[in-house]
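If you want the building blocks of each chain, they are given just below.
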Amino acid sequence: MNIIYFLIGCSIVIAIIFLCAFFWAMNNGQNDDMHTPAMRILFEDEKPDRKIE
Amino acid sequence: MLAAPVKTGSQCYHCGNENPATTYTFDDKAFCCAGCQSVYQVLAAGNLCDYYAYNDNPGQTQKTNDQQFAYLDEEQIINDLVDYRDENIIKITFYIPAIHCSSCIWLLEHLYKLNNGIVHSRIDFLKKQVIVTFKQQEVSLRKVVEILNSIGYEPLISLQDIVKEKQGSVNRGLIKKIAVAGLCMGNVMLFSFPEYLGLSALEQNYKVLFGWLNLAFALPATFYSGRDFFTSAYSGLKNKSINLDAPLALIIAVLLLRTVFEICTQTGPGFSDTLTGLIFLLLIGRWVKQRSYYHLSFERDYRSYFPVAVTVLNNGNEKATAISELQIGHRILLRNNEIIPADSILMQSEAFFDFSFVTGESAPVKKVAGEIVYAGGRLSGQATELEIIKPVSQSYLTNLWNNETFTQTQTSKNFNDTIAQYFSAVSLAIAIAAATYWLTEHNTGKAWDSFTAVLIVACPCVLSLSTPFTLSAVLGIFDRNKFYLKNTDVVERLATVDTIVFDKTGTITQAESTGISFSGNLCEYEKRLIASLARNSAHPLSLELVKWINSDIFYPVSEYSEIPGNGIFGKVDDITVRLGSSIFVNNSGKINQDSSGVYVEINGEYKGHFNIGQHWRDGLNTLFHSLKRKTGMHLLSGDTETDRQSLYAIFPSPQQMYFKQSPQNKLDYIKQLQAKGKRVMMLGDGLNDAGALKQSDLGIAITDNINNFSPACDAILQGENLGRLARFRMMAKRAMLTVKLSFVISASYNLLGIYFAVQGLLSPLIAAVLMPLSTITIIAFTNACTRFFSAKLKLR
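Residue numbers (my numbering), protein chains in the order written: chain A, 1 to 53; chain B, 1 to 796.
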């Protein structure tokens with residue numbers, strides 16, 4: 001049963017890594033605009049050859 | 001490239017407005033005006049026609065578009081506006097009210113195709129702003145703005161830049177605190193489960209470990225996530241008042257102390273689970289409460305209405321000058337539709353000014369040379385020269401902002417803070433009573449147990465959850481009805497107002513009358529004749545007729561004459577045209593003499609008449625009717641008394657109508673009402689109402705377009721929904737009832753908890769179950785109530 005000490009340690013370390021990742025994303029402004037990226041993804045790719053036609 | 005007039009009954013390809021009889025065509029596409037067509041041409045030349053692929057008619061009408069951007073060449077103004085600047089690039093955020101669909105995003109993020117100097121542009125859709133980065137050697141700020149203007153996205157540039165004010169409003173801090181609290185709560189729950197389920201003798205050594213781990217998680221939850229409760233409670237106590245955060249801070253402190261005590265002395269598992277759960281839920285409540293409208297500003301003053309700069313004439317040279325640098329004696333040049341920045345003297349023979357936003361006068365005012373014109377008026381007509389006689393901040397209108405009303409911050413106690421005082425007092429009293437009882441029984445352990453347990457259980461956390469959940473749900477309902485409240489406290493104030501003060505122009509009347517119809521027959525040519533004649537008159541009805549006929553071709557007018565109160569006549573294209581009252585034209589008794597409107601006679605022949613619809617807002621009659629029984633109603637207008645008669649018919653308390661009120665009069669009137677103990681709601685739209693809106697207990701700005709300027713207020717209401725005001729207030733009252741009912745429910749949970757607590761029997765398990773249970777009940781209850789009431793009031 002001593003393995004449980006190791007597992008608890010692992011779980012806390014992983015939780016803290018995720019928390020750090022979340023903090024980084026927040027500070028980076030990734031959650032400031034939740035709306036525009038969802039619309040932006042629907043745009044078609046550029047068609048570079050259109051001008052030549 | 002020339003636009004040829006073509007007959008179609010279609011929609012404008014650019015803006016989707018109905019095309020006039022003569023449209024502009026380009027590339028086989030029909031446009032309603034030259035503006036829309038030129039936007040299309042710019043986009044076509046830049047190979048950006050995908051703009052039209054994502055949405056049908058994504059543009060905005062370009063009919064009213066004449067802007068001067070010369071001031072954007074001034075170094076000082078540029079430096080005030082930009083976010084970042086070095087020798088190569090400039091980064092600037094523009095607020096563009098026209099942003100409304102995915103085509104807008106697509107186009108504005110492809111600005112680099114229109115000019116190579118633009119490096120990057122990125123939209124924030126909800127905030128309606130675009131951040132543009134450009135190389136300042138290749139393109140000037142003025143050019144960038146002109147490009148935006150040319151494609152129909154004119155940025156709103158004002159002295160009080162609402163874009164920058166909003167930047168700090170995203171509460172990243174609160175989200176981070178919620179994340180930490182959530183993480184702590186999750187882990188504490190995990191480590192507490194063995195305790196709930198009962199540990200066998202074999203596993204007892206884990207108990208100590210789990211206890212210490214729980215304590216370790218409780219610390220960041222308290223000191224990082226829960227810090228605001230302590231600071232808020234402390235600042236409240238410093239001002240000698242108890243707010244809702246005071247009992248919450250006390251409970252958090254007691255929970256932590258007792259947990260530390262139990263873990264250190266190994267006497268129990270502590271209350272880490274309740275503590276972290278409580279902080280997490282409280283923070284969620286705070287987050288729900290923070291509902292912000294990124295595209296609206298409730299704090300605007302005259303600075304965001306006034307232009308950034310005006311043209312100053314200096315020995316015949318024009319120079320754009322920032323408004324703050326205007327001095328007495330400066331000679332300025334004002335163009336059509338520009339706003340007078342400071343009180344000045346008119347230097348040219350005559351000019352018309354639209355003061356509707358400043359004084360409430362609906363008709364344009366004619367001023368002659370040497371007359372004083374007040375700041376805030378909008379020039380309509382030819383460019384004219386003015387000489388400044390007062391600095392911007394000391395002018396007739398702007399002086400209002402020097403009033404003490406604008407320097408005080410009103411704080412009114414809300415329901416929660418009032419309850420919090422009694423709550424804290426009662427729970428402390430019970431806790432002390434329980435402790436004293438056990439002390440007299442010489443049971444110190446039980447005394448300590450019961451004292452802390454009572455405080456824990458009597459937590460008013462439900463209050464701090466039910467209020468934000470209920471009120472923010474109400475805000476959401478109002479939002480769908482185009483009624484935007486500044487924050488949840490406004491709902492409470494809306495529920496308690498007993499007196500309503502209306503402004504007239506723009507508030508209960510529509511800024512633009514749409515109810516024009518013609519009875520009779522007119523051909524296109526005759527319509528143009530009428531428009532050509534009416535164009536010469538500054539009478540509001542003439543202006544509306546010109547707008548309604550919407551012609552681009554005008555004929556020369558000779559022998560023009562205007563008879564005040566009757567009508568106008570003149571020779572248009574050598575045909576005599578008369579417009580005016582029924583007596584004024586020769587109608588040969590064909591129509592009812594009583595009916596009002598503009599009658600038309602062309603070449604001596606009666607043609608019919610224009611019906612000018614009532615320009616009161618929709619639903620005004622029903623609103624007055626439903627309010628009149630229980631609410632005092634007053635009307636303050638800056639306008640002349642011309643509408644007094646027609647208002648008599650609909651306004652329920654005609655003796656409380658006052659005309660020719662200055663902005664200061666309005667403010668003082670509200671103060672008087674408040675001195676009589678009334679709780680006053682003010683409805684207004686213009687700068688002349690700004691003082692009254694600020695002074696009132698609840699100031700609502702009425703607007704036809706929420707992106708346009710509205711003065712500082714507590715709420716913004718779209719004019720079309722003014723008729724629903726009575727229902728909005730009823731909804732607010734019901735919401736406050738819901739909050740009070742939920743308080744009763746939570747109090748009964750608390751009593752149940754206190755029953756265990758005073759006996760010193762409160763186990764961590766009971767506390768941990770009781771708190772989420774009551775929370776879920778309350779949230780479900782408030783949700784059901786708001787849905788029920790809003791459906792009943794038909795607010796969807």
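None of these hints come from the bench; they were simulated from the model. All values reported here derive from a predicted model rather than from experimental measurement. Errors might be hidden in some of the hints.
[To be verified] Ranges of calculated distance between the beta carbons of each label pair, as one might list FRET restraints:
| no. | chain 1 | residue 1 | chain 2 | residue 2 | range |
| --- | --- | --- | --- | --- | --- |
| 1 | A | 38 | B | 656 | 46 to 54 angstroms |
| 2 | B | 372 | A | 38 | 34 to 42 angstroms |
| 3 | A | 32 | B | 668 | 48 to 56 angstroms |
| 4 | A | 3 | B | 772 | 27 to 35 angstroms |
| 5 | B | 253 | A | 29 | 32 to 40 angstroms |
[Claimed, not checked] Subject to a maximum C-alpha distance of 20 angstroms in a straight line, what follows is the list of computed SDA-like cross-link-like pairs (lysine to any residue):
| no. | chain 1 | residue 1 | chain 2 | residue 2 |
| --- | --- | --- | --- | --- |
| 6 | B | 176 | B | 288 |
| 7 | B | 289 | A | 8 |
| 8 | B | 176 | A | 8 |
| 9 | B | 176 | A | 31 |
| 10 | B | 207 | A | 34 |
| 11 | B | 733 | B | 476 |
| 12 | B | 289 | A | 34 |
| 13 | B | 207 | A | 33 |
| 14 | B | 207 | A | 8 |
| 15 | B | 289 | A | 33 |
[Said to hold, decoys possible] Chain B regions said to be covered by chain A (calculated; three or more residues, Cβ under 8 angstroms):
| no. | region |
| --- | --- |
| 16 | 99-112 |
| 17 | 121-135 |
| 18 | 568-576 |
From the three backbone atoms N, C-alpha and C, an ideal C-beta is built for every residue, glycine too.
20 angstroms Cα cutoff - pair residue 289 (chain B), residue 8 (chain A):
violated, 36 angstroms
Holds or violated: residue 176 (chain B) with residue 8 (chain A), Cα cutoff 20 angstroms?
Violated, at about 24 angstroms.
Restraint status (C-alpha distance of residue 176 (chain B) to residue 31 (chain A) at most 20 angstroms)
The hint holds at about 11 angstroms.
Holds or violated: residue 289 (chain B) and residue 33 (chain A), Cα atoms, limit 20 angstroms.
Holds. Residue 289 (chain B) to residue 33 (chain A) sits at ~19 angstroms (cutoff 20 angstroms).
C-beta pair residue 3 (chain A), residue 772 (chain B): status relative to the range 27 to 35 angstroms that was hinted
holds, 32 angstroms
Sort out whether residue 34 (chain A) lies within 20 angstroms of residue 207 (chain B), counting only the CA atoms.
violated, 43 angstroms
20 angstroms limit on alpha-carbon distance, applied to hinted pair residue 289 (chain B) and residue 34 (chain A)
Holds, at about 19 angstroms.
Would the pair residue 176 (chain B) and residue 288 (chain B) pass a check requiring their Cα atoms to be no farther apart than 20 angstroms?
holds, 15 angstroms
Taking 46 to 54 angstroms as the stated bounds, is the beta-carbon spacing between residue 38 (chain A) and residue 656 (chain B) within them?
holds, 51 angstroms
According to a criterion of three or more residues whose C-beta lies within less than 8 angstroms of a C-beta of chain A, is the region 568-576 of chain B covered?
violated (count 0)
Proposed proximity, residue 33 (chain A) with residue 207 (chain B) (alpha carbon, max 20 angstroms)
Distance of about 45 angstroms is beyond 20 angstroms: violated.
Can you confirm whether the C-alpha distance between residue 733 (chain B) and residue 476 (chain B) stays at or below 20 angstroms?
Status holds; Cα separation ~16 angstroms.
Comparing the model with each numbered hint stated earlier shows that hints 2, 3, 7, 8, 10, 13, 18 do not hold.
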